[in-house]
Every structure is written in structure tokens, then in C-alpha cells.
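When we follow the working numbering, the leftmost residue of the sequence shown carries the number 1, and every step to the right adds one.
One thing to keep in mind: the hints can contain errors.
[As the list claims (entries may be wrong)] Listed below are the simulated DMTMM-like cross-link pairs for lysine to aspartate or glutamate, each with C-alpha atoms no more than 20 Å apart in a straight line:
1. K568 x E584
2. K336 x E351
3. K380 x D367
4. K182 x E232
5. K548 x E528
6. K150 x D244
7. K380 x E415
8. K592 x E542
9. K466 x E351
10. K356 x E314
11. K562 x E593
12. K462 x E314
13. K434 x D421
14. K182 x E136
15. K150 x E199
16. K425 x E530
To be clear, the hints were calculated from the coordinates, so they are not data collected in a lab.
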Amino acid sequence: MYNNGYFVLYTNCIIVLLIFLLLLYSVTLESNVKLDFPPLIYNQMKNIRLNIVNNIRNCIKNNNYIGFSSFDSNLFGLCAQAYKLNTHKPFEHWLYNTHTNKGIRHKSILNMKKTDPHSDQSKITLDLEVYRNENEKAGRVTLNITGSEKKLFDLLTECVKFYELDMDLRVVGGWVRDKLLKNENKDIDVAIPKMTGMEFCEYLNKFTKDNYGFSKTVGIVKRCPEQSKHLETATMSVLGFDVDFVNLRSEDYAADSRIPVMRIGTPYEDCMRRDFTVNALFYNITKNYIEDFTTKGIEDLNQSLIRTCSEPFETFMDDPLRTIRAVRFSSRLNFKLDSDLVKSINDEVLEALEHKVSRSRISQEIDNILSKSDIHEAFKQMYTFRMLHVLLNVPVRGEERVDKVSGVSEGMLSEALSLMDHVKKRNFEDVEHKYLYLAALVVPTRELGPVGKMTVADYLIKERLKLPNKYSSSANTISNGSLVFTDYLNCSERDRVSTGLAIRTVGPLWKESLAMSVTETNRVDYKEFEEVVSLAKEHGIEEAYNFKAPVTGSELTELLPKITSGPKFKAALEFQVKLMLQNENVTKDELKERLKSEFRELL
């Protein structure tokens, strides 16, 4: 009996250990592969594990160690089934992670609170088939994505599997285009079939909240068809990416209306409603291949061509902003414009651009041109196609060729384009090109009177183009600063003082102003710009506009008792700065003596 008692005790200890390991394994499965469990298995496993824990508690309480052996054997089967379903082998991953802090999906892949788009920049090269429809293949392409992007796509597809939504998710638009061109793009748009983007975000929010303990705020961009903004987009931050979710759509037009009736469409319908073939390529993340339903997208990428998905005139009348977008992509990607597209930019389309598209949407496109494109090429094309005339309200037909509001004429636009040509040829370095080109646009209007309380430059940039105040103020500064540097360049002596005073007069945009002066006065070569910049560096006066007078405030009033705030006070401060430019080693005591000598009437 003694031996039997120990044998039973040892046996039950082993059973307890096995049960503990089995419970631990089930916990590991639950925490790591919830995503892969059918809901029935997941719920059964939770209930069985809870029953076993209660059974063990009761056995210990009643000193009934034999009862350890009575537990639901279904737990073995459920663990085995779940393990089979889970291709990532979570138990081994859990053990691996315990010793190496690597490999666990729940923490390393889906720790959403800490993940950002730059956390895993490892490159993954995908060799993908291209489909023109469900059955027709059209070759292969390579797509380079980051580890973070792969984790994002895995999360989205697993959400679809978890809720058994039975649909393909597609990344659409510029991300696909740029990745195929080997360029980076962090703007990810996901097209959703069968439901709206908002509805899918609700699934995704519930999925992340139930499985990972948090949810995200979803932003909605409402549809505004009367201004050609036909898409209702849901935006959600996922794994550090701000992802736009929008349903696949098709838009139908009544015979007497240009306002579309939007409905959920097929991938083909959605593709054909997009602007250009190179923007209508889909990356099907569910099936892991590229879809080119226009049949021209990959071809146009290879031929560097901007072509509309549908008949170009109808495409532009549907959304006239696409005329500017065509120019933007052409100048940004260095792509040619399709000849049929060019022919379709006619008076009717330009009139629709003027009246049908909101200024805020135009502003966004112009800002993108200034920030991401070849600005010179874009403005040249907009001038050639008369879009610039429409945007700035400059007539192009009839005897009247001057805007009655601003006085801006066709000739001034032509002069502005000529200035831009010279800026492009000189290729100035270390300058803000977007402000320099905007200044070139408004320099020819410098002599025009104000429009109400605004300068013409403010009217054109803030009122017509709806660009931020900083853009118009910078263009004004460069336009006026160009005159300052023209006077400076005409002087025979260019020393530390004259250079520093010119820089101080203009401010931080002095290099842009100098560049515009060199351009505007049509000087023979680019060397004068380089010479002045080198002179400023040599004398340490590149930021002369930040120089501060050492003697100021109460110290200055004590030194010059009769001085008052106003012109005299300002003159005393500037006098000190000029002395500092003349002699960079001048001391404060020397400045005081010179002040008393210069402003003796204020003693």
C-alpha cells in the first residue's frame, strides 16, 4: 500500500504537469492564433480550459488528488485541430520567443500600439503574376514592399478570414504605381467589395479591439458629387499607416444630370472609373497578384505614358480636375501625355474646370505640383493647355485679354513663363524652388495696383489658387527682395557690410531673392549667384537677418537718456548691427562709445 500510495501520488503529479502544459499550450494557441481559429474551436477551448481549472481547484480543496485525472479529453483534440489549422506553429514560436524575444506573432507582428510604418523597413520582393481578368494572365512583374507593409496586409486579410467575409481586398492607385516603378509611397488606399469602407472599418475596429485590446478612430470624407468628389472614404490608422478604405464603386448618370448615383461596383467597373491607366492597377492582397483590368496599365508604365482609362473627353467632363492631375503625373513621373488626351482639353472642359471643381481641390493639386513634381514642366503645360489662364482668371478669347479684377494680362503670364524657363536653366541650388517659381509667376504683376486690400500676388496665390498664406508671403518677399539684390549687384563694391545689409533687409529668403534678381536682370551667367553666396559663407553672415544689437532696452535708455521708442531707437539698434558687420570682433564697450558719439544729441 505504501508503494502503491507513492505510485499514485507520482502518477497524479505527472498528470498535473501534463494538464498544466496542456493548459499552457491552449493559452499559447489562444493568444497567438486567435486569428486562425474557427470561432467554435476558440470558444470550446476557453470553456474546457475553464472547467479544468475549476476541477483542479476543487480537487485541491477536497484533497482528492485522484480527481486530477478526470478532465475533458476533448481538450487534446481541440488543441490538435487548432494546431493543425495554425500554419505558424505557435507553440514552437512561443518557446523560441521565450529565449530570443523573437518570432511571436501576437507581439512582433500585431503590437499595434508601438508599430509605425518605419519600424520594419526590410525589403520583400514579390514576383507576381498579372491578370487582365479572372482567367487571362499577362506576364509577371516584381513588387518591392517593406516588412511593415507585409504585416499590414496580413492583418487585413486575417480580419476578412476571421469574420468569413469571403471577399478580396485590393491596394489601389498610386501605391501600386510607385511600387512597380521602384519608388516609395506611404499612402495606402484599400478598395473593399460588397460593403463601404466605413462598414469594413467597423469590422476591423472590432477585430483589433476583441483580439488586441484597442480600437482606432475612423475619419470619414463625405461624398460631394456636385463638386466632382464622388468617393466617400473612411480613414483609419492601422499599424502606424493612415489607410484609406473605400468601396469598389460604379457611378451612373441620369440623362438630365451630371451628378452621379454611386453604387458598389465590380473591380472592373471601379477600374474603368479611375483617371489614368497607371493609377488603375490593383494589388490583390488576398490572392497575391496584380490586376490590370484596363489592359493598358502595365504597358503604359513601361512606355512612360499618361492615358485615361475611358474616353478622355468623358473622363474630363466627369471630373475636370483630372486635366490638372494629368499634368501633375506627367511632370512628376516624366511621362508623356497621350495624344487623344491632349486633344480633349478643349473649351468645354476648361469651362467645366472653372465652374465645377472646388477651389480647395484645385489647391491640393497645385500644392502637390509645387512639392512633388517638376514645377517648370507642370506650369509650362498648364500654360500651353490654358489651364493657368482659367485658374488665374486671365481671358484667352476675344479682344479683352486682361482680368478686370486684377489687371493680369496674357502678356504677364507669358513673361512669367519666360522667367520660369530661366530659373529652370540656371538650376539654382540650396533654394526653396516652390517659392521661387511662385515668385516668378507674380513678378510681372509687381507694378499693378492692389486688389482691394490685397496685393496682386496675394490675390493670385491666396484667392485664386487658394494656397496657404506662407506661399503668398514668400512669393511677395522674393519679388520685392529681388529689387534689393538688383541694387546690390549694380554696386561696384560688394563687401561684408553691403552684403550683410542686403541679407538683413530681405530675411531668410535672401538666396531665393538673389536668384530671382539674377534671373530677372538676365545676367550673363550663374556665377554671380555663387559668388555672393560664397562671400556670405566666408564672412559668416548667411544669417545676418538674425543679428541682434547687444545694447538695447533699459541699457540703451540709460546710455542715451533722451532716446524714446520709435525711429531713433530703431536707428540706434541698426547702427550697432552695421558696426558688427564692419568689425565682427567689436566689443560691447566699443559699441557704447560709438553710440554716444553718433547720437550725442540724445545724451
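Hints violated by the structure (numbers, ascending): 1, 2, 4, 5, 8, 12, 14 and 15
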